[in-house]
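Novice: Based on the provided sequences and hints, a complete structural model is requested.
Chain order of the listed sequences is A and V.
The working numbering numbers the first residue of the first sequence as 1 and each following residue consecutively.
The working numbering numbers the first residue of the second sequence as 1 and each following residue consecutively.
Do not take every clue at face value.
The list treats identical chains as one, so a pair stands whether inside a single copy or across any two.
[As the list claims (entries may be wrong)] Straight-line distance between alpha carbons at most 30 angstroms, and here's what the computed DSS-like set of lysine-lysine pairs gives:
1) Lys2 <-> Lys209
2) Lys209 <-> Lys17
3) Lys17 <-> Lys49
4) Lys194 <-> Lys114
5) Lys114 <-> Lys209
6) Lys2 <-> Lys85
7) Lys204 <-> Lys49
8) Lys37 <-> Lys209
9) Lys49 <-> Lys2
10) Lys99 <-> Lys209
11) Lys111 <-> Lys194
12) Lys111 <-> Lys209
13) Lys114 <-> Lys207
14) Lys111 <-> Lys85
15) Lys40 <-> Lys114
16) Lys2 <-> Lys114
17) Lys85 <-> Lys207
18) Lys194 <-> Lys99
19) Lys209 <-> Lys22
20) Lys194 <-> Lys49
21) Lys85 <-> Lys40
22) Lys209 <-> Lys194
23) Lys209 <-> Lys49
24) Lys22 <-> Lys40
Note that these hints are calculated values from the structure, not bench results.
2 protein chains.
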Amino acid sequence: MKIGIIGAGDVGGTLGKRWRQKGHEIMFGVRNLQSPKVQKLVQMDQNFKVGDISEAAAFGEVIVLAIPWTSVEETILNSGNLSGKILIDPTNPLTPDLKGLALHDTSVAEKIAKLANSTRVVKAFNAIGARTLDNSVFDSQRADLFICGDDRHAKEVVEELANDIGFDVVDIGPLVNARKLEQLALLWIELAFKQQMGPNIAFKLLKRKDDF
Amino acid sequence: MKIGIIGAGDVGGTLGKRWRQKGHEIMFGVRNLQSPKVQKLVQMDQNFKVGDISEAAAFGEVIVLAIPWTSVEETILNSGNLSGKILIDPTNPLTPDLKGLALHDTSVAEKIAKLANSTRVVKAFNAIGARTLDNSVFDSQRADLFICGDDRHAKEVVEELANDIGFDVVDIGPLVNARKLEQLALLWIELAFKQQMGPNIAFKLLKRKDDF
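Specialist: Structure follows, in structure tokens:
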């Protein structure tokens, strides 16, 4: 697939690298094409394309908003026509102290859906560390990727892209449940950093048949 | 240990049964000693003790508040002297439609700590189903029990009690993090009921060494 990744930080860079390894076409959309992060990515793989935000948005059938949540509004406004595109939201509306969420009774994902006037927003990759995006396997187990969204087809595409890079997907329902995934991210951050477990942790949903 | 369980519903009844199997002494504290639920428990195991709320609270070194969160205040007021006792809070402040939490910027666990003037409150058993309390094993894996609290010794006791009945424990830090565990319960409820995965699901935190 053609994937436009807005942002070249840990999340965007790692997803781009993994998807390239699986044969997808990647264009990063960034404000500054000369930044060290962008240069490092292009040196890593000369097949990476780089453009400004509107170019990457035009390029991708799927667009990943791998940016701080505070940049979402400006990015959507600069993205041009997003109609029909699948928008993946891996952001979290963290307060500056990382202890809480700055949004109540909504989520970044729902805000994106409104700003872009799109039903094809999928919340994904927000309650997981970049280390796990790079390597989904814990001993013999794959980490779970929790996603939600209102469009079934958009979620199927994201599930395939997640499977491509080694994740099992747990669909937690409609986009309104992004509120729960943003809360789950808070728990991940608490455990990784405040409780000092480090970034090599990931959530898994255990399931069994109702037969014991 | 001597464990007082306030409430004889699915959570309290199942915990009592499992801990009895491991040799702990259990007294249920209930409003109505003749209720069908209570009679069923006593018929299941004649070693179960039953009393009113104050008797069970006096009996237990550890007290489990296995009641609706709306009954917490009345229960604490009826529990007599709780000083030195470990209070386990498995409740969730659900809105009547089960879609959200009725408390903001606090948690039931923090309210209990204030009402009981206690530092020994431990949030536990709230983001897990009663089926999993009855059987913690999913294929070959043990479900995780997420706990938090301000008193290290109290958490160690709860961890031992959880290990006794087959759980691995993830300590997520101080009692203020009960807010995060109450949010995690919302996610469990969403998946089990709204998304119709059923009650045989449980969260696991995958971990690995930082050496890949």
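Novice: All the hints need checking, so say for each whether the structure fits it.
Specialist: Hints versus structure:
{"no.": "1", "hint": "Lys2 <-> Lys209", "in the structure": "neither (38 angstroms within a copy, 34 angstroms between copies)"}
{"no.": "2", "hint": "Lys209 <-> Lys17", "in the structure": "between (37 angstroms within a copy, 22 angstroms between copies)"}
{"no.": "3", "hint": "Lys17 <-> Lys49", "in the structure": "within (12 angstroms within a copy, 61 angstroms between copies)"}
{"no.": "4", "hint": "Lys194 <-> Lys114", "in the structure": "between (33 angstroms within a copy, 24 angstroms between copies)"}
{"no.": "5", "hint": "Lys114 <-> Lys209", "in the structure": "neither (39 angstroms within a copy, 41 angstroms between copies)"}
{"no.": "6", "hint": "Lys2 <-> Lys85", "in the structure": "within (11 angstroms within a copy, 60 angstroms between copies)"}
{"no.": "7", "hint": "Lys204 <-> Lys49", "in the structure": "neither (34 angstroms within a copy, 38 angstroms between copies)"}
{"no.": "8", "hint": "Lys37 <-> Lys209", "in the structure": "between (46 angstroms within a copy, 26 angstroms between copies)"}
{"no.": "9", "hint": "Lys49 <-> Lys2", "in the structure": "within (11 angstroms within a copy, 66 angstroms between copies)"}
{"no.": "10", "hint": "Lys99 <-> Lys209", "in the structure": "between (37 angstroms within a copy, 25 angstroms between copies)"}
{"no.": "11", "hint": "Lys111 <-> Lys194", "in the structure": "both (28 angstroms within a copy, 23 angstroms between copies)"}
{"no.": "12", "hint": "Lys111 <-> Lys209", "in the structure": "neither (37 angstroms within a copy, 37 angstroms between copies)"}
{"no.": "13", "hint": "Lys114 <-> Lys207", "in the structure": "neither (34 angstroms within a copy, 37 angstroms between copies)"}
{"no.": "14", "hint": "Lys111 <-> Lys85", "in the structure": "within (16 angstroms within a copy, 46 angstroms between copies)"}
{"no.": "15", "hint": "Lys40 <-> Lys114", "in the structure": "neither (34 angstroms within a copy, 53 angstroms between copies)"}
{"no.": "16", "hint": "Lys2 <-> Lys114", "in the structure": "within (24 angstroms within a copy, 55 angstroms between copies)"}
{"no.": "17", "hint": "Lys85 <-> Lys207", "in the structure": "neither (33 angstroms within a copy, 35 angstroms between copies)"}
{"no.": "18", "hint": "Lys194 <-> Lys99", "in the structure": "both (9 angstroms within a copy, 28 angstroms between copies)"}
{"no.": "19", "hint": "Lys209 <-> Lys22", "in the structure": "between (33 angstroms within a copy, 26 angstroms between copies)"}
{"no.": "20", "hint": "Lys194 <-> Lys49", "in the structure": "neither (37 angstroms within a copy, 41 angstroms between copies)"}
{"no.": "21", "hint": "Lys85 <-> Lys40", "in the structure": "within (28 angstroms within a copy, 57 angstroms between copies)"}
{"no.": "22", "hint": "Lys209 <-> Lys194", "in the structure": "between (36 angstroms within a copy, 18 angstroms between copies)"}
{"no.": "23", "hint": "Lys209 <-> Lys49", "in the structure": "neither (46 angstroms within a copy, 34 angstroms between copies)"}
{"no.": "24", "hint": "Lys22 <-> Lys40", "in the structure": "within (20 angstroms within a copy, 58 angstroms between copies)"}
Of the numbered hints stated above, those contradicted by the structure are hints 1, 5, 7, 12, 13, 15, 17, 20 and 23, listed in ascending order.
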